[in-house]
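A.B. asks: Given next are the chains, with one letter for each unit.
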Amino acid sequence: MKRFWSLFFILNLCLCSLTLQAQAEEPKISEQTQECIGCHVMATPGIVSDWEKSRMAKITPAQALQSPEINRRISVTAVPEAMANVVVGCYECHSLNNASHKEAAFEHNGFNIHTIVSSRDCAVCHEVEADQYSHNIMSEAYANLMHNPVHKMLVDSINGIQDFDGSKTILNPHNDEITDAESCLYCHGTIIKVDGKVTRETALGEMEFPRLKGWPNQGVGRINPDGSKGSCTSCHPRHSFSMAMARKPATCSECHKGPDVPASKVYDVSKHGNIYKSLGTKWDFDAVPWKLGTDFSAPTCATCHTSLIVDSAGEIIAQRSHQMNDRSPYRLFGIYAHAHPIKADTSIIKNKAGLPLPVELTGEPASEYLIDAETQTTRRQAMQKICLGCHATSWVENQYKRLEHTIEQTNAMTLTATKILATAWEKGAAKGLAQKESIFDEAIEKMWVEQWLFFANSTRFASAMGGADYGVFADGRWYLSKNIQEMADLLELKLALGQDKAAAEKKPAAKK
Amino acid sequence: MKRFWSLFFILNLCLCSLTLQAQAEEPKISEQTQECIGCHVMATPGIVSDWEKSRMAKITPAQALQSPEINRRISVTAVPEAMANVVVGCYECHSLNNASHKEAAFEHNGFNIHTIVSSRDCAVCHEVEADQYSHNIMSEAYANLMHNPVHKMLVDSINGIQDFDGSKTILNPHNDEITDAESCLYCHGTIIKVDGKVTRETALGEMEFPRLKGWPNQGVGRINPDGSKGSCTSCHPRHSFSMAMARKPATCSECHKGPDVPASKVYDVSKHGNIYKSLGTKWDFDAVPWKLGTDFSAPTCATCHTSLIVDSAGEIIAQRSHQMNDRSPYRLFGIYAHAHPIKADTSIIKNKAGLPLPVELTGEPASEYLIDAETQTTRRQAMQKICLGCHATSWVENQYKRLEHTIEQTNAMTLTATKILATAWEKGAAKGLAQKESIFDEAIEKMWVEQWLFFANSTRFASAMGGADYGVFADGRWYLSKNIQEMADLLELKLALGQDKAAAEKKPAAKK
Amino acid sequence: MKRFWSLFFILNLCLCSLTLQAQAEEPKISEQTQECIGCHVMATPGIVSDWEKSRMAKITPAQALQSPEINRRISVTAVPEAMANVVVGCYECHSLNNASHKEAAFEHNGFNIHTIVSSRDCAVCHEVEADQYSHNIMSEAYANLMHNPVHKMLVDSINGIQDFDGSKTILNPHNDEITDAESCLYCHGTIIKVDGKVTRETALGEMEFPRLKGWPNQGVGRINPDGSKGSCTSCHPRHSFSMAMARKPATCSECHKGPDVPASKVYDVSKHGNIYKSLGTKWDFDAVPWKLGTDFSAPTCATCHTSLIVDSAGEIIAQRSHQMNDRSPYRLFGIYAHAHPIKADTSIIKNKAGLPLPVELTGEPASEYLIDAETQTTRRQAMQKICLGCHATSWVENQYKRLEHTIEQTNAMTLTATKILATAWEKGAAKGLAQKESIFDEAIEKMWVEQWLFFANSTRFASAMGGADYGVFADGRWYLSKNIQEMADLLELKLALGQDKAAAEKKPAAKK
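Protein chains in written order, with the working numbering: chain U, 7 to 518; chain R, 7 to 518; chain F, 7 to 518.
In isolation and in its complexed conformation, chain U is listed as follows (with noise of 0.2 Å):
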């Protein structure tokens, strides 16, 4: 008897590590996969062995389908035929939904294939994901940015170039998509356009490939050929798009770091942020669905904004999301804070003033394209859910006070900064919208733009997430008041320069 338990247990072992294997080995690829192997196994060996080591090769969208729903990364009921029973490989990808694709599609040694895999690609499995996004502010993220006269000013007065021609600056028109490209668009998302042919050789001799425009690029609002929005590699990264990775901070961290928004320093140095970096490495970034406590003990991003969360007894805490805004009451990012917009194109907001923003310059909300109090409660809800899953109510109700404080006296902060420009631009100290200039290209408006976007817009951040560092000295309160005083003094001194030159140009005029 005992000489059989001890069989037993050794031949389970060896019973383990054969199955390990024959799954490790014998994945279904498509004929067609198998063929881009064979030559992309050299030409760009990388990514074929991240892809190897990927889910996507080892399972099937049949397999995946039989999961029970709560365990399932598949969002659709059915997939199509030919795409059923084999791994999800590079044909699969880049070739089957590639009509769509227009002259983006090229032949490609006997395959029709696409380089560009767009948010309507990766839809044909995860279909609700690629619809939830679709809502999400980040989907229209390059019009909100570009069909925004006011943000377009922005742009231009960042990335244009300026010259001096021996005694005042000019900047130069700014047309520059190169430029665009890899400063705002690179978040953004660039438009990718077919811009004709070009014949490369190859291992294979020569080969023709249609010129992309706008690529390389990965940001959150592409538009891409076939006419889709996004790029889901922006947080799943080619090729072993890896759940884990979407659900690390790192991966957020890529467009949300800057001193413009934040959040990922701002976690870096909240509690939260602590814990995972302390802790994390033994947690597990991979179950579906992600059980609080169990899984991991402190949030990361994915955690309050995206993932399926659970509780220990598997009850479940908060849906998968990708409309990340629909558990944000506030938008705490802007000139002012306000209500959220409804709608995930901000481009088509006008405000009283008939400027594209959803708040006056004073910081009166343009209420009509925000969310009413009725769905901020709602949102504030979804996301208290999971805040109450660790802390206690009074803790996260006291929490949700200071945010709304802060948000109050962040905008004043800003209001007052606006006075003090708009006094510059009455008495002629700067030129702006009067004087049908642009409000973002004298230091002094340079000035007020830092004063939302980097000082107040950090100090929410800080607030939302517990980061306090960046509601003081890091580009926080300590900037919003030093900012508002080198406003005032540069005025001041301006002020006192115009009189002197008014002073000049009467003398002479006197003496005629």
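Simulated from the structure, these hints should not be mistaken for lab results.
Glycine included, each C-beta is placed from N, C-alpha and C at the ideal position.
Among the clues, some could well be false.
[Unchecked claim] Reference listing, derived: stretches of chain F covered by chain U, where coverage requires no fewer than 3 residues with Cβ under 8 Å from a Cβ of chain U:
1) 271-279
2) 470-478
[What the hints assert, rightly or not] Calculated cross-link-like contacts (lysine-lysine; reagent style DSBU-like; alpha-carbon spacing at most 35 Å):
3) U:K452 x F:K158
4) R:K34 x U:K297
5) R:K437 x F:K437
6) F:K425 x U:K174
7) U:K277 x R:K391
8) U:K277 x U:K391
9) F:K425 x R:K507
10) R:K283 x U:K288
Starting from the structure of chain U, add chains R and F where the hints point.
C.D. replies: Structure of chains R and F alone, referenced to chain U:
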């Protein structure tokens, strides 16, 4: 015989596994804690799971006391009988010691409960640490900031709301506990007070809770409802209370990363920090004592400032200490660096000019409040003993020579900035103490603050910890030197403006 | 038969364990090194433990030479007989090669010892790497900074102590080796010289040691007592000399994180950096060669600039190189970006204006000192071959087009700032070369320095490595554009002030 060994091996494996399971499944949890968990596993599942994984949930104080002293994590020699033979669960921390919590304790489902576990509560088992901590300047972080009129003036100038009346700025009176709580007091600690009661709907029907002001907070100098100071959870966050967490630098970074006190950023670019980030995932952060070279091969914050460190032979290199400044001969942080204050409460200090500062504005130390040269030597040697665990004497001595030289140099650069500011005050380009005005509210004053608070401090931390970036271009000497030039330019321009104004005022007068 | 297998399995386990133990317990340590360890296990236990875990402590050079060349970490074909059959321990590095160390070598407990192991010492086994490194611009980092009068002027303006006499600032003459050693020279490297002897009390009684100036230091261009340049420990820190460490980006961050050269920060927000941070804990950083896609799935600094990289078939993608700039067609860092210098020692360069700079102040390159277009192409292709391991040709080509465009654009924005500064010099608002004064000591000059040193450099690094934050709001184009406006404003105000002064001086003169 061979069969015997194979059998023995397998049985052993099984036994180990059973034993581990038994330990994990059957910690002796008090009946009261079991009752807490019964509801809270649904009410706040995250913290229940977190606690279940903690050492607190697995070892009773009586068991902890059986460890050899060198391995012990408990510092009393006996615990109250009611606690000795159960693991340290909800009830043990949130109830047993609650008489002292006064009106912050409340009836909750048949138990007397206090929400906030104070340093006095933790002292039931960790008395030595609580006592040491009371001598740590951090335990007085609230008073040191808020009861020092000069420091309070700085708080007001940062957190107060400014307005602009068309020609000048106005700093509104500041008395905003909510803003303070999420900026300065996030780290320094709030005063937590009961402010009435509140009734909430819960899964178990209506329940009454105390309404807490200043909550949530985990600041190092938090004033608890029982009058005790400090919140152990600053560094040992709930509810895993992980030693690894406190030993990892992310924990300290929560309050030591801003430009005012960039210890964490300096560590990040130091050789020590780089070794930790590259190799630290393989180190043992849970061992007590912590064995140099074996458990870790480069120091984290805790190594030099807190932990019990031994060499490979078990010889003690450093005693555990929660008076973290007891190896610090200097206080690097301040208008000028100086010998460390004697007492944790620095709000009692008065310099010759009558200001509550450990230095004069000229840099001369208020020596009677500061440790003497002998104590400095003792502290220096205690710290150097840790350095000498890896570095030769010449290395360590030269390292300290550099730090002392840097203190002198940065103090000199602060003095220069102070001279410029004093001239501004004197000649009417700004208003300071002589005019009974804030010394922190005007642009040139804020530039002066940055000279010491950001740039001199960064340079000194960089010197102390070998993170040269912060000694040069990252908030270091580059800015020390640039800021002086900018202050001098602003002074010159403001004086010229003042003369113009004076002249302008004089002329019409002359015409009378 | 079954019993046989169960037995075999267990015996195997035991044998493995015994073998591992044997390897760990019996490395062939030289008698001399054993004697070193005998004391130093108590004197400096941390580094002894650290070394014991290193590869150096486990493999003799003779064993290392038996590896196939592709797997070898040693680059000579033979080592001195005395070293061949012992592991590389204390004595082997700190003594065998000590004749060349001159007076830095000393009698120590019966041995001749030198404290500082130089790049020449390491070259005994790693000759190819030491030779490559000597062509790396980093090996000349000391001379390139300190022997270039323009760069030295910058050092003086930063590290020199300024004073204020009530009306103007004074930059004191700067000759402070201690400050330089812990600011600029921390990374660039100090000159280490023997400065007398010192007697110390040790556990073994009084001992005499050389007193070292410029020590400690691990800068990349350190001038060692044996005259060799560079300190291998910059990237391979003592005493684990871990390859994993050198391949992780934290190592490079020690000197490449500041605003002047933010490669590490840019990497941190790049897609590559995010993948590393999210998934890198599972990669193999010790494998030689380093297999793309298998050992790692996104590049670190070492992947593109240093390591021996192969594809999954073992084909070489990139040769190991310690001349880290040999895949860099451009030098991105500088007043203007330009073709890479030919020689590592750049202090020999003279531009047409006679300045020791690789460009004119107008941006025109001093071409005779810079690599030609053909070499640029070779280097570009070498780097692109690594990119092509994962990315298609169109991706890689467009990436380089963007970088080249960004070089042009940032150079243009630097030229504009230079024009403003030139006007200031010309019209007397600042004093520059024409007035035989420092071009770095006044506020407007320091603003100009930030234009190229911080903002243009950041924007270029962001372009090169895909970290857009640093191309826009994090020290990027936002600041490039803002800084020009602030320089123009300051110039205008200073000129107005100058006219006032001139007028004031003229009037009394007219009255004479």
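A.B. asks: Hint by hint, say whether it matches the structure.
C.D. replies: Hints versus structure:
1. Residues of the stretch 271-279 of chain F with a Cβ under 8 Å from some Cβ of chain U number 5, which satisfies the need for three, so the listed coverage holds.
2. With a cut-off of 8 Å between beta carbons, the stretch 470-478 of chain F has 5 residues touching chain U; three or more are needed, and the interface restraint holds.
3. Pair hint K452 (chain U) plus K158 (chain F) holds up; C-alpha atoms about 34 Å apart against a cutoff of 35 Å.
4. With a C-alpha separation of about 26 Å, the suggested pairing of K34 (chain R) with K297 (chain U) holds against the 35 Å cut-off.
5. Restraint check: the Cα-Cα separation between K437 (chain R) and K437 (chain F) comes to about 31 Å, which is no more than 35 Å; the hinted pair holds.
6. About 11 Å separates the Cα atoms of K425 (chain F) and K174 (chain U), which keeps this hinted pair within 35 Å; it holds.
7. With a CA separation close to 32 Å, the supplied pair K277 (chain U) and K391 (chain R) stays within the 35 Å bound.
8. With a C-alpha separation of about 19 Å, the suggested pair K277 (chain U) and K391 (chain U) falls inside the 35 Å cut-off, and the hint holds.
9. Between K425 (chain F) and K507 (chain R) the alpha-carbon distance is near 32 Å, which keeps this suggested pair within the 35 Å criterion.
10. Our distance criterion of 35 Å between C-alpha atoms is met by K283 (chain R) and K288 (chain U), whose separation comes to about 16 Å.
Going through the hint list in order, the structure satisfies each hint without exception.
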